[in-house]
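Visitor: Each chain, written out:
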Amino acid sequence: MTLFLGALTIGLILSLLALGIYISYRVFDVADITVDGSITFGAAICAVLIVKGTHPMLATLAAFGGGLAAGAVTGILQAKFKLNPLLSGILVMTSLYSVNLHVMGKSNVPLLTGRTFSTWAEQLGRAWFGKPEVNLLGWLISARDLVTLLLALGMVVTVCLALYWFFRTELGTAMRASGDNPQMIRALGVNVERYRILGLALSNGLVALSGALLAQYQGFADAQMGIGMVVWGLASVIIGESLIGSRSLGLAIYGAIAGSVLFRLLVAIALRWGLNPNDLKLVTALFVFAALVLPQWLQRRGKRET
Amino acid sequence: MLTVSNLRKTFNVGTVNEVRALRGVSLELPEGAFLVILGGNGSGKSTLLNAVAGSFRLDAGEIHLAGQKVTRWPEHRRARLIGRVFQNPFTGTAPTMSIAENLALAARRGQRRKLGWALPRNLMDELRDRVSQLKMSLEDRLDNAIGTLSGGQRQALTLLMATWLKPALLLLDEHTAALDPKSADLVLRVTEEIITRHRLTTLMVTHSMQQAANLGDRIVIMHKGAVAYRFTGADKQRLGANDLLARFEDLRRREMLDETAAALLRETYL
Ligand SMILES: Nc1ncnc2c1ncn2[C@@H]1O[C@H](COP(=O)(O)OP(=O)(O)O)[C@@H](O)[C@H]1O
Ligand SMILES: [Mg+2]
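As given, the protein sequences belong to chains A and B, one line each in that order. Mapped onto our numbering, the consecutive letters of the first sequence carry residue numbers 1 to 306. Mapped onto our numbering, the consecutive letters of the second sequence carry residue numbers 1 to 270.
These aren't lab readings, by the way, just hints derived from the structure by calculation. It should be emphasised that the depicted structure is a prediction, and the values quoted were computed from it without experimental measurement. Among these hints, one or two may not hold up.
[As the list claims (entries may be wrong)] Label-pair restraints from in silico Cβ distances:
| # | chain 1 | residue 1 | chain 2 | residue 2 | range |
| --- | --- | --- | --- | --- | --- |
| 1 | A | V283 | B | D140 | 41 to 51 Å |
| 2 | A | V283 | B | R72 | 52 to 62 Å |
| 3 | B | E18 | A | L87 | 21 to 31 Å |
| 4 | A | M1 | B | D125 | 27 to 37 Å |
| 5 | B | E192 | A | L298 | 44 to 54 Å |
| 6 | B | K135 | A | G302 | 34 to 44 Å |
Using N, Cα and C, we set each Cβ at its ideal position, and we do this for glycine too.
All chains should be modelled from the sequences, with the hints used to inform the complete structure.
Guide: This is the structure in structure tokens:
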């Protein structure tokens, strides 16, 4: 049960990453590998600030800001310097590796001492339930884990609502159109380049936010923690789409969340069954490959048979 | 209203694919005028419209529109003054977004986009009202993705979008060419209606002599990146589809003559 709760919490935290990937991959149609750097960037900023005694809320917001900046740089490389989108992401991700080491001062910053959302969750748990363990449908679980899960859920729901609202404003619909049909929206007076920069900034801001929460949950920030995260996010978005569909904006956002949580649960189960953790990234990559190729392949086979 | 003087544009300069797409085109279009542009394939019609819309940098020439010199304005800035319908029905609309969202985007053409709700109640009412004037029963499907509509329906909506805010200039680039005859007629009817009702200054490219003869108050025939013939006023009104065909025949004959002359010269001097 504790394992299940943990997987659920991490799934929710990483669903912010999935939302970020949804923006770059689905709205702007680029696989933005900046993500691998910006999730660590978010974690690093947050961890260092918390160790210095900053309020966890402020530290998390600062991480979001850092992500915005990183994404904007990728966007500027693409829109202003006309670099290939993939290359832009690679350049920024690579530079972020150095930046992150500078921010942290070493390759790992533990959060054992500072005040984080987790310590807050512990206090809340004690205040609400009066004891360290709660009985939930016959399972004895730690009050702290339960409150952490609820906090993560609250955070994700808030971000989702904000994102849904944003994408239905004049600015947000114009941003979606910039990805959907740049030529059309340019003819309607939109500076497509500027919206692309804004969109990638927002995307990486969410990713960094996810990194900040992840660092607080696991109790450390690490220079290596971002490796393969873009693939992880892609997997979540793709699972979400196949389960929930993407017929409307609301469904697509909901799908990204559901996909992330489900994927984390699947991984937890697979690890429990004895999947070697070292194989995790390989399996994730193969999964994304299959999810991208299988539909085309099935379609082609279907055509040949008829 | 629109003054275009001596526009020049060469694509792929210095390569084997070098094309002199515009070789000094000049036009003068008073307010409310409706100019039809004819010309063979590759004669530079689309390039001329793209130049006016600002899709690329010109090599030479100037463009004045609505009292402003717009030659160096980027495309998105000129959109404040220009409404546009493309040849391909897929170009003019954002396929995954709803009909209402597409129209709402057009309702703010050239204006600042802020954090206000994109589809407020009063705008929805106006959308329903103006879409129903198309008489295509699309007003009940405003929430459907526009990509699910037929080419003709999309083109009619693009036309509505381009003219939602009255543009100083309307650009139509063979906007019925990709449609089946029935849809083409329908879109053309809507086009005429909108242009007449709002007295729009219009540049329309077409490949149909019939359309050219029936529509507009002036005609330009382009050939090899330059204007070959112009007709206005009574001349234009007298012109029928057959007369226009005859002019094309003229151009073709002249070109062949050029070629035989060149061959003769080559034989004589080489
Ligand atoms: N963006 C471009 N790059 C290179 N060549 C172009 C471009 N646009 C047009 N051309 C060339 O310019 C010439 C005129 O094209 P266009 O204006 O599209 O002709 P049409 O009169 O059929 O609309 C053609 O030879 C075309 O290949
Ligand atoms: Mg053309």
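Visitor: Taking the hints in turn, state whether each one holds.
Guide: Hints, one by one, checked against the model:
1. A:V283 x B:D140: 41 to 51 Å: At roughly 48 Å between Cβ atoms, D140 (chain B) and V283 (chain A) fall inside 41 to 51 Å, so the hint holds.
2. A:V283 x B:R72: 52 to 62 Å: Holds, at about 54 Å.
3. B:E18 x A:L87: 21 to 31 Å: holds, 30 Å
4. A:M1 x B:D125: 27 to 37 Å: violated, 53 Å
5. B:E192 x A:L298: 44 to 54 Å: Hint holds: Cβ distance 47 Å, inside 44 to 54 Å.
6. B:K135 x A:G302: 34 to 44 Å: holds, 39 Å
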